[in-house]
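Participant: Given chain X, put chains C and H in place with the hints provided.
If you read the sequences in order, they're chains X, C and H. Start counting the first sequence at 762; every next residue gets the next number (the numbering used here). Start counting the second sequence at 2; every next residue gets the next number (the numbering used here). Start counting the third sequence at 78; every next residue gets the next number (the numbering used here).
Keep in mind that the hints were calculated from the coordinates and are not lab data. Take every hint as true, because none was put in to throw you off.
Now the stretches of chain X that chain C is said to cover, found in silico as 3 or more residues with beta-carbon under 8 Å:
1) 788-798
2) 801-807
3) 815-826
4) 878-887
5) 925-933
6) 943-957
As a list, the in silico EDC-like pairs of lysine to aspartate or glutamate whose alpha-carbon atoms are at most 16 Å apart:
7) C:K148 x H:D110
8) X:K810 x C:E110
9) H:K730 x C:D258
10) C:K148 x H:D109
11) H:K730 x C:E159
12) H:K726 x C:E159
13) H:K748 x H:E774
14) H:K420 x C:E153
15) C:K72 x H:E413
16) H:K473 x H:E706
17) X:K810 x C:E117
18) H:K128 x H:E282
Glycine included, C-beta positions come from ideal geometry on N, C-alpha and C.
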Amino acid sequence: MANQFIESITSSQAWKSIFRHGAPNNPKNRVLVVLMNVFLHLHPIRMKKSGVRMSFTWCMGGITFFLFLVETITGVLLMFYYRPTADYAYADIIALREHVPIGIMREIHRWGAHAMVISVWLHMFRVFLTGSYKPPREFNWGIGVILLVLTLLLSFTGYLLPWDQLAIWAITVGSNMARATPFAGNEGPGAALINSLMGFEVIHAGSDARFALLAGRLVGEATLLRFYVLHCIFIPLAAAVLMAIHFWRVRKDGGISGPL
Amino acid sequence: MHIVELITGTINSLCQPSLLFTAAVIVFFLVLFKWRSKFAEVRTIIWIEVLMAAFIAVSMLHPTFRDIVTKPDNVPIVGMLFLIAFFTWLAVSKMVKNDDRIAAGQDVENKKEAKELVFTWPDLVFSEFLCSIAVWVGLVVWSILLKAPLEEPANPVETPNPSKAPWYFLGLQEMLVYYDPWLAGVVFPGLIIVGLILVPYIDINPKGNGYFTFNERKFSITSFLFGFLILWILLIVYGTFLRGPNWNFFGPYEVWDIHKLEVLKNVNLSEYIYREFRLLGGKMPENVLVREFFGFVAVIGYFVGGIWLLQNKLLKEFYEKLGKARFYILAFLVLSMASLPIKMFLRWTINLKYIVAIPEAFFNI
Amino acid sequence: MDDRFYKKETLIKVFGFLAVAMLVASLWMILDDFGREWKGYQREFTVLKKKKLDKAVEDAKAAIDAGSLKKAQEELVSAEGVIKGHQKDVDDADKAIDELKTKEKIATGKYQDAKAIWDVQKYHYEADYGHNVAEGHGDHLGKKAEKALTRLEDNWKKVLEVRNQASVLQMELIDAQKKRAGLIAARTDAEKHLKLVRTELDKQELARDAEKFTLTKLIRSSPIIDLASPVFRLQQIVLPGIRDDFYFASVQRVDRCTTCHLAIDTPGFEGEANPFKTHPKLDLMLGSRSPHPLDTIGCTACHEGRGQATHFVRSAHTPQNEDQKRVWEKKYGWREMHHVMEKMIPLQYTEGKCRTCHKQTEYVPRAQKLDRGVQMVKSAGCYGCHRIEGWDHVRKPAPSLKRVKGKLTREWILKWIRSPKSFNNHARMPAAFHQANITTDEYKAYNDAEIVALGDYLMELSEDYAPNHPLALGSVEKGKELVASIGCLGCHQIDDFGQTRGRFGQAPDLSMVGSKVSRDWLTSWLKDPRHYWAATVMPSLRLTDPEISDIAAYLMSKRNSEFEGTAAPATTEETQRKVLRLYVQRDPKFAPATDEKVDKYIGTLDAHNLSLELGKNSVMRYGCFGCHEIKGLEKTPGIGVELTEEGTKPVNKLDFGLLHFEHTNFAWFDKKLENTRIFDSGQVKEYLDLLRMPNYEFDEPERGSLITFLLGQTAQKILPPAAKVLNAREAKMEEGLRVVHKYNCQGCHIVEGMFESLADEAPAREEHEKLKRLLEGRILVHYEEDDSLGPPPLVTEGRRVHPDWVYPFLQDPGRTPLRTKLKVRMPSFQMPNEEYNQIVSYWAHYSGDAEYPYRQPKAVELSPTEMEAAKTLFTKLQCLNCHTVNRNPTPEEMEGGSKGLAPDFIHASKRLRKEWVVALLQDPNKMIPGTRMPGFWPDGQSPVPDVLGGDSKRQIEAVAKYVLWLGQGHN
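Extracted from the complex, chain X is given alone in its bound form (with noise of 0.2 Å):
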């Protein structure tokens, strides 16, 4: 009776629309149900034994994709609820206290993107210490080290959303070293040389490096909309992106590694 009634469904038009193969209980259907679907596409069909061993891959890529994923859902809940501009920011991360219904959003996401930094290190950690960047994988090693300075910069411009004391001053003191910049920050080595060279002032704190990160002289309203716009859309895009790349070359390059 049960049976006759799930078979009833599983043979539907619609569930055969849905769902190309059957249960993956033997090995056509596992190879189908990696095959089909789009998300676990990116994995092979098969792998090494070596690559599914916890103790030997800690997991720690997959934790650090899950996290990023964790930060995208609750980045765009935190976007319904957060105004960045200089009159609401500071209010609107009370109100995310407060009032608004699931009141640990933004603690999920705060340590989620810690705890994020921590599994990329990690991940790095480990694919180092098993040489796991040696050919044929110097190339996604590469992606893998951007995708480190992306995750941080996430972090980074994250920080100032809050728009409180400790944010924008721990922006102020990141950024300030941005003013050293040789060349291109005002009070870097070689900025007077192009200034002098050029014959008037080319690098100054209005046109230098930190403007440009900034917005500003100053960590201000403009600042605040930048990293909004580039935590929100840019850093993430571009992570996506790379990310994308990565797990295909993992994927392509021979699978997680292992022992030769």
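Facilitator: Chains C and H in isolation, oriented as in the chain X frame:
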């Protein structure tokens, strides 16, 4: 009461950068080269984690320590320390195991597994799925128990003291004590990124691909661990927990007193030479290039001499294996990395401020 | 299945474990969200409210008269019986109504359809031809148009026809309904009666039922579901006029306090514990009819705190004291919110926040503590050294030292500077030397060296002054009597008469004055204070020489022998050189100060010049010129930090020194005011780096008032309408009242209008009186046995007097003494014209309806009848028992009688306005509360029915005219 003060005072002074950093470097090399197999034992990591936990738990009785450690943004760093300790141990113990196997002529761990294939479904997909749930549960519980920080509204006029960068950049901020911003904040981070990307192209050692081993790649692993654990993580610990108002050093049990003063008697190399050794009667030359001549000589000498030393003595075989281009890049990166601890030691021992000091052009080394 | 890496069983076990963990975590997350603190309060409040509502229903039930209820119920029963008798008729009527309703509906529908069609036709006609008609081309419309018009008109007739049908049916329906109502009228009436009896009960029951916690409400308030339409919801008040300054932006304030303080503006919860308590001053705050309604002022405007927060701790409650802190820590897990800037102000200082909105008045009605603080700032002279916006033009608080040589001896000055309190415990001057931070003998010697130098310097700068009215001393006894009776005590206090006003009154305490000044100076001063100091506010009392001699004799007998017996501070030239050396080393003129240069300069000074030079430096360092006028330093700004925004100064800007205590501004103020040098303790400092603010040793209530004042000095900019803006009338009053306060009129008189918004409210009036006693040295306490012997109350002055009379009167009150019997004397203030005008203008504006500027007094004419009637009434009512006409009463008359208490009628015409005289005669107590003048026409009843036909109005008119007529010099 007296004993407690004695102990806290001792720990405070032991944590001084010069002492603790030096000790950490020594312990690092000892563990890696002498006590590796001892370290790889299970009970070692249990002891380490237990002792770390006990140290923190007992220290919580101290109000200053408690205030700093329980600051919401600092909690993850404490957690990270436990994780780093564990994973370092895990990696080392696997290295030791594999090295033993290689020495005994056996296959490394997982060698057989690497030859066998399994279906991605369900093994990998499931383990990924379970891992995600575990992380999510952890994240939710963490979020319920610890609230995200929110301080006073942003005020560009009121600078908090100390004002700190986000925690993962505190290693760089700590570097600012020893190097100018253009180096600590721009050049070094740039070199770290570029250097990391270049790693696979410099390290052409075919061994150790896909498994943990120490003996087969001693140099690369030592330099990576040194960079990560000592120059990155340890400096973050300094920046987070031990740097207080005015970026002064404070022991873990020391009240962050805003009035604390440290004697500032750091001197530039040129000042040393002209003032201390009475060169030209102590009068410094007007021309900065002349004035900083010795500094340039020292810096260039460091790199040229360093490369010569590495090429002909210390890493002779590398030079032969890697070829010129690779080797010089490697040597440059290694010397750059080594310059940080060297500069730190110079500061602690002879109060050297800058080797080359041209503040007029924001060019200090 | 063998090729699986993980064992199936293991995976399932791990999955099972993690699934449970995730379920628990998710539930925890939901409950964490659901269990917000404020919801608990709202639940609790529902129970509390239910109790109140139940009780209200019970009370209403009990209040119903059982007899009338029964009667109404019986009436209803009998009405039902009657209707049952003709039930058939009722049923028929119902049926008829039903039918008619149907028909009417159809007919109305038809009409509406027809009308709709006609409207369309009309539109088409107008669209096609209307504009031609409008433009006057109606003649050329042609046949088609005519036809269309005819059709339109025909159709209109049809529409009207249908409408009429509908109207007829409507009419019939109404008739049918009326008929039915007639049939059941008895019942309707009975029901109405019953309802009338139950009105209150029904109302209460309705209120109770609305609040009933039903199952629906329970479901609505369960987790997750409560997101949709919650029963317990956040309450918030958006305050448009009040914005938080967040540096980059100003953010509108939102108060959610009422989410937990649910009954804050509802009367009836006064006895409940917080957070359900009603605000204790609902008439002043939050009540809908109060001047500060909840929806415009909110909560944080006065109390501060994070209004957005909905949690006890996060909203930054601040405990009043250590005890409350401990209770809160236990009960609410209270801890300080370090990162919240707008922490609540402890309840005892809340009044300070009144100042944030009430910036334009010197005193704020009913803010007693704040007003006391303002008075303290004025009297203690805080504004002398510390700039406070709005206080810039207030006269320096202490006497001028420009002629001090003529008043005081050098020895006295030295002893006084060393310790003002050792001379008089009620001295206002604070002590700048030998304070807690002067700990070593060396520094103590330095202090003495500076005191001596200050004395020398002040004497050197002083102009010569020769007393111009030396007199021999008279009788101490008589002098004491005079001081007690003529009004000195309105401003001064003397131990013989009680020192109730503390240290900070209008004028100095005179209990020890004999040890301070010389006889000749004193007599000259009493004769004419302005001779010595032109800017003094001390008035002349027009004393005769014998009076001066007696008063001087009394005052010179008030001595402090202990003080006189102590030696003046002494120093050595060497010490003075040492101290001067410290100053010179820091003098920018000498920078870089080598020992040689400094020594050379100091070496050139002889002993006298050395002391003068040191004195000059000391005056600059201690800022004496902030309070005293010193030659050459009249315009030098005070040395203290500005206090205009002290209340919102970040706490980390306050130097706590090495002291560890509560890190709040009010705690810091308290410590500082208690001992101004306390923050030096434990520190190693050079002599010139030591704190130098002089010590007032304020006691606890004084500190409380000052802290209240300081917390009100905020950077917060509140704009109208949230901020109080004086209207023209209030502004004029404020101007006048400032003059009143300057000369301390309220020291003697009851002054109207100081807190005028409360004038009509009885409990407020009491508070008002209490407040006056706080702010003023009400001389009336010395006339308790008979108020009328004291200074008369200055009430209804705006309607009462002519300005032309006021001006000369105030110039020289002695010229036209009004009440001869009074011993207390109206002083001559010699104010500038502007200030007279301001007082007069304030009186006029206070009275509101008084004509201003006043018209000139007119000559009054009485008809013979009136004249006769008035004369009769004058005799009958015995007006001349108290009043006189153009003569001073003899001493015999005044002895034991009321003669001389009431003004002579000769002043009436120039002084009084007729309307006021009429009003006074009608009800004297209303115009002058507490007056002895009897009311002869109570409730419009005439005591003399045979004059002017007993018409009290005409009688009063006649008397009033007669009084003014007398004032014109007639007899």
